[in-house]
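Peer 1: Sequence:
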Amino acid sequence: MFDLGWSELLVIGIVALIVIGPKDLPGMFRQLGKYTAKIRRMARDFQRAMEDAADEAGVKETASSLKKMTSAKEMGLDAVKDAAKGWDPT
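Its first residue numbered 196, the sequence shown is counted upward by one per residue in our numbering.
Some hints could be false.
If you anchor each label on the Cβ, the simulated ranges turn out as follows [to be verified]:
(1) Gly281 x Asp240: 35 to 43 Å
(2) Asp198 x Asp240: 46 to 54 Å
(3) Gln226 x Gly200: 17 to 25 Å
(4) Val214 x Asp250: 22 to 30 Å
(5) Asp240 x Leu205: 53 to 61 Å
(6) Val206 x Met245: 32 to 40 Å
(7) Ala249 x Leu212: 39 to 47 Å
DSBU-like mimics (lysine-lysine), calculated; alpha carbons at most 35 Å apart, straight line [claimed, not checked]:
(8) Lys233 x Lys255
(9) Lys218 x Lys255
(10) Lys218 x Lys233
(11) Lys276 x Lys255
(12) Lys280 x Lys263
(13) Lys262 x Lys280
(14) Lys276 x Lys262
(15) Lys218 x Lys229
(16) Lys263 x Lys276
Quick caveat, the hints were computed from the structure, so don't treat them as lab data.
The structure presented is a predicted model; accordingly, all values stated were derived computationally and were not measured.
The beta carbon of each residue, even a glycine, is placed where N, CA and C say it ideally should be.
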């Protein structure tokens, strides 16, 4: 998410240990975990609400029909079907 490596996390942990102190550090990490979980839950709910709104509006059906109409494969098959309709084997 923030593209932090192990070395950066180690430096952040050491600085937190020095600034906050070893006594309050577990409580601070617990609070940080709670806030992170709350933010993730809110993001998941927001994403789910947006997907539900898109489903209600018919965005997926419109997108799939648009892809089908512009698909080279489908366009080629339609051309072959049209040519086969007009073909007379005799």
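Peer 1: Against the range 39 to 47 Å, how does the distance between the Cβ atoms of Ala249 and Leu212 compare: consistent or not?
Peer 2: Holds: the Cβ-Cβ distance is about 45 Å, inside 39 to 47 Å.
Peer 1: If I claimed the Cβ atoms of Gln226 and Gly200 lie 17 to 25 Å apart, would that claim hold in this structure?
Peer 2: Hint holds: Cβ distance 24 Å, inside 17 to 25 Å.
Peer 1: Determine whether the Cβ-Cβ distance between Val214 and Asp250 falls within the hinted range of 22 to 30 Å.
Peer 2: The hint (22 to 30 Å, Cβ to Cβ) is violated, given that Val214 and Asp250 are roughly 47 Å apart.
Peer 1: Regarding Asp198 and Asp240, is the given constraint of 46 to 54 Å on their beta-carbon distance met?
Peer 2: violated, 25 Å
Peer 1: Run the distance test for Lys276 versus Lys262: straight-line Cα separation, threshold 35 Å.
Peer 2: holds, 19 Å
Peer 1: Against the 35 Å threshold, does the CA-CA distance of Lys262 and Lys280 hold or violate the hint?
Peer 2: Between Lys262 and Lys280 the Cα gap is close to 25 Å, so the pair holds against 35 Å.
Peer 1: Given the hint that Lys218 pairs with Lys229, test it: the Cα-Cα distance must not exceed 35 Å.
Peer 2: Judged against 35 Å, a Cα distance of about 19 Å means the pair holds.
Peer 1: Taken at face value, is the distance from the CA of Lys263 to the CA of Lys280 at most 35 Å?
Peer 2: holds, 21 Å
Peer 1: CA of Lys233 to CA of Lys255, is that 35 Å or under?
Peer 2: holds, 29 Å
Peer 1: Is Lys263 within 35 Å of Lys276, Cα to Cα?
Peer 2: Within the cut-off at roughly 16 Å; holds.
Peer 1: Does the structure keep Lys276 and Lys255 at a Cα separation of 35 Å or less?
Peer 2: Between Lys276 and Lys255 the Cα gap is close to 27 Å, so the pair holds against 35 Å.
Peer 1: Can the suggested window of 32 to 40 Å be confirmed for the beta-carbon pair Val206 and Met245?
Peer 2: holds, 36 Å
Violated hints, listed in ascending order, are 1, 2, 4, 5, 9; each of the other numbered hints is respected by the structure.
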